[in-house]
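Novice: Top to bottom, those sequences are chains A and B. Note that the numbering used here gives residue 84 to position 84 of the first sequence, counting from 1, and the numbers run on in steps of one. Note that the numbering used here gives residue 24 to position 24 of the second sequence, counting from 1, and the numbers run on in steps of one.
Treat each hint with caution, since some may be false.
[Stated by the list, open to error] Residues of chain B clear of chain A, computed beta-carbon distances all greater than 10 Å: (1) I8; (2) L18; (3) F60; (4) V155; (5) V159; (6) Y169; (7) I174; (8) V236.
[What the hints assert, rightly or not] SDA-like, lysine to any residue: derived pairs with alpha carbons at most 25 Å apart: (9) K95/B to A56/A; (10) K173/B to I111/A; (11) K71/A to Y169/B; (12) K213/A to E180/A; (13) K183/A to E31/A; (14) K173/B to R130/A; (15) K101/A to I234/B; (16) K71/A to L176/B; (17) K71/A to K217/B; (18) K183/A to D104/A; (19) K183/A to R130/A; (20) K95/B to V21/B; (21) K217/B to I234/B.
[Unchecked claim] Some chain A residues judged to face chain B by a derived CB distance under 8 Å, without partners named: (22) K71; (23) I75; (24) I85.
These are computed hints drawn from the structure, not numbers from a lab. For each residue, glycine too, the CB sits at the ideal point set by N, CA and C.
Next come the chains, spelled out residue by residue.
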Amino acid sequence: MSEHLLDVHVTKRFGNMTVLNDVRFHVDKNEFLVIVGPTSCGKTTLANIISGIDTAYDGTVQLQGQTVNPKVHNISYVFQEPSCIPWYTMLQDVTMGPIIKGMDPSRAEEIGRRCIKLVDMAGFENYYPRQLSGGMQQRVAIARAYATSPDLLVMDEPFGHLDAQTRYLMQIEIMRIWHEDKKTVVFITNNIEEAVYVGSRILVLSRLPATIKDEHIIDLPYPRDLTDAEFLRIREAITLQCEAVD
Amino acid sequence: MNKSRQRITNFLYNMLSLGVVMFLWYLLSNWQNSPYFPRLSEIWNAFVTLAQYGDIEGIFLSEHIWASLIRIFAGFAVACAIGIPLGLAMGLWPKLYYRTRSVIEPIRFIPPLAWIPIAIVFMVGFNRYVFLIWLGAFFPIFITTLLSVTRVNPVHVNVAKVFGASRMYIIRKIVLPSVLPDIATGMRVGLGVAWMCILAAEMIGGEMIGVGRLILKYAELLRMSEILVGMVIIGVIGFIMNEIFIMVENYVFRWRSEVSID
Ligand SMILES: Nc1ncnc2c1ncn2[C@@H]1O[C@H](COP(=O)(O)OP(=O)(O)O)[C@@H](O)[C@H]1O
Ligand SMILES: [Mg+2]
């Protein structure tokens with residue numbers, strides 16, 4: 001058994017188009033790993049594979065030494081698209097994971113309410129997604145992901161649909177939550193500044209077919225300063241890598 | 001606040017539209033001055049007579065309406081009882097649909113009127129009505145149900161899947177709630193078509209009762225006023241049922257229509 005929490009080594013094709021080409025990396029426990037890459041390079045495809053939704057790939061994805069499987073592992077996934085269930089109130093939505101995993105409803109509700117507080121949405125428990133803004137809905141999705149205390153939390157461009165200001169506030173928020181309740185996170189984004197702001201380690205993906213171009217360990221203390229010289233240097237370096245044509 | 005004002009405005013405009021139509025009818029009927037273009041007062045008198053004294057056979061208007069309503073609901077209920085489960089099954093297991101398509105699809109395009117001879121030969125009594133109304137209502141219900149299953153948002157399914165949900169859980173908690181509003185729409189359309197089939201059904205039903213029958217009776221006598229009363233009644237009852245259906249839909253699926261707070 002490997003000493004890593006998650007070991008990934010995959011190739012993925014859609015028909016005869018290779019999307020992920022020998023993508024190989026690992027994730028350690030309680031790490032905040034960021035995967036950054038250009039639009040439609042295969043990030044969502046990768047997220048679907050490591051969360052166990054998509055099983056049609058070549059290679060292996062091992063979580064805790066076993067092939068990843070949502071029925072076995074405790075995984076949470078914050079989707080790129082809005083994913084709140086329209087007919088669930090926020091509380092019903094957030095307690096869905098614990099209930100599927102067999103927790104009794106009153107205990108699930110207790111946890112649900114705690115997670116709603118965690119994302120700063122107390123008071124909205126009985127609201128339907130329709131009544132909430134995009135940013136609020138994304139908080140619900142994050143609360144739902146936390147409610148199962150996942151061993152692996154995958155987030156696929158969770159703030160991609162938000163305006164710049166809300167996005168910035170959510171970045172601060174997600175780091176606060178992560179410090180409050182440490183989880184192993186794989187955070188996917190196409191925004192380099194966001195990557196350097198949140199990541200303890202960053203993997204840079206190439207254009208299609210995606211391979212891992214480089215890895216950066218970010219030693220800067222949290223919360224990070226967007227204008228810090230070292231921050232800007234790393235951001236610049238990754239930007240250059242993303243622009244480079246190879 | 002704004003909404004209720006909107007509602008009042010809409011109501012007033014609807015009254016105005018009705019008034020305009022009646023006024024045009026009034027002008028045209030005066031200008032035509034023919035027994036085949038009855039005046040509003042004649043139509044009203046026909047209505048009152050039918051309601052109070054019954055038709056040429058002494059059957060009251062309320063009896064006609066009641067008879068038609070029961071037939072419609074019976075045919076509609078059978079259409080729902082078959083169309084919804086079949087649509088769901090074929091949506092969840094599309095192979096079922098793709099392998100029976102050549103049987104199902106052509107039937108859709110055969111008009112209910114074309115089934116009349118078959119209904120006459122193979123069925124008697126109440127079954128004839130139910131069969132013809134069922135034919136009309138079935139396909140809108142079946143097809144909308146079938147299509148709604150294929151339109152379930154895959155992200156919602158994946159939300160449950162990542163938590164390790166069973167297929168049964170996904171069907172019950174994700175697929176069903178997401179298709180119910182579409183099924184309701186299909187039912188509403190089906191109910192409308194059921195009304196459209198009432199005349200065909202009552203043409204062959206054999207009994208002298210029913211709103212469709214009423215129209216046919218007076219058609220033989222070329223009495224336009226009574227025919228118009230029958231037509232308007234079918235239209236108005238269909239309209240009322242549709243409105244009630246929409247109100248129930250809006251209540252049951254209020255998660256769709258809640259106003260946003262931002
Ligand atoms: N189900 C699919 N079938 C065929 N091609 C797909 C499918 N899903 C994604 N792709 C293709 O794979 C590529 C990567 O998609 P995706 O992983 O969504 O990119 P990203 O999330 O990085 O924007 C795109 O070119 C997309 O068109
Ligand atoms: Mg994506």
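Novice: What hint numbers does the structure not satisfy?
Specialist: 4, 5, 6, 7, 12, 15, 17, 19 and 20
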